[in-house]
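J.: Sequence:
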Amino acid sequence: MSVSIDIVPSADSIDMIGEADLSSNYSVSGHVSIALTSPYALYGPRRTARILLHSVTLTFEGQSEVLTPQTGYSAVRLCTETRDITPPEPVEMNNEGHEDSGKPCYWNVLFNMSIPGWLPPSAVYGVEGAGVRYTLFAEVKYTVVCDNNNSFS
39 MSVSIDIVPS ADSIDMIGEA DLSSNYSVSG HVSIALTSPY ALYGPRRTAR ILLHSVTLTF
99 EGQSEVLTPQ TGYSAVRLCT ETRDITPPEP VEMNNEGHED SGKPCYWNVL FNMSIPGWLP
159 PSAVYGVEGA GVRYTLFAEV KYTVVCDNNN SFS
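Counting the sequence shown from 1 gives a position; the numbering used here is that position plus 38.
Just so you know, the hints here were simulated from the structure itself, not pulled from any lab data.
As the structure is a computational prediction, the values presented were derived from the model and not from experiment.
Even glycine gets a Cβ: it sits at the ideal position worked out from N, Cα and C.
Heads up, a few of these hints could be off.
Okay, the calculated beta carbon distance ranges per label pair [stated by the list, open to error]: (1) CYS184 x ALA161: 44 to 54 Å; (2) ASN63 x GLY140: 37 to 47 Å; (3) SER152 x SER102: 19 to 29 Å; (4) GLN101 x ALA49: 18 to 28 Å; (5) PRO126 x ILE45: 14 to 24 Å; (6) GLY164 x PRO126: 45 to 55 Å.
Put together the whole structure using the sequences plus the hints.
T.: Structure below.
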């Protein structure tokens, strides 16, 4: 069985209007796509892929890096915003009825995160690639559900 995740934001960038503002926030929205594919079977049909989704956590991080001959390398984390977008109860996800297609079955978990309005814009300085950058991470915790009523993580 194959499980893969992908973060799909609604927009490729955040349009920040005006100067940085401590009293405002911006929004990052989209969905985390979870794809399930049945394992290949040498004999007989493919089995249904089943997982029990326990949690989905999204983290937005910003960092600033400086690299100069005088000071060397220096980095600082600008912000870390973490949001739990987990459904209230564990959810079973499966690809029942699509096992033999060989194509993944997709499940999407929607998100909308608040981002501080005081953050500076993304920038790259020099040929070393230092500057200000932002990253969005997703962590998915699940249990694989086996056909014989046993499960493992």
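J.: All the hints need checking, so say for each whether the structure fits it.
T.: Here's how the hints hold up against the structure:
1. CYS184 x ALA161: 44 to 54 Å: holds (49 Å)
2. ASN63 x GLY140: 37 to 47 Å: Taking Cβ atoms as reference, ASN63 and GLY140 lie about 43 Å apart, which means the hint holds.
3. SER152 x SER102: 19 to 29 Å: For SER152 and SER102 the Cβ distance comes to about 21 Å; the hint holds.
4. GLN101 x ALA49: 18 to 28 Å: Roughly 21 Å apart at Cβ, these two residues keep to the hinted range, so it holds.
5. PRO126 x ILE45: 14 to 24 Å: With Cβ atoms ~22 Å apart, the hint holds.
6. GLY164 x PRO126: 45 to 55 Å: holds (48 Å)
In the structure shown, no violation is registered for any of the earlier numbered hints.
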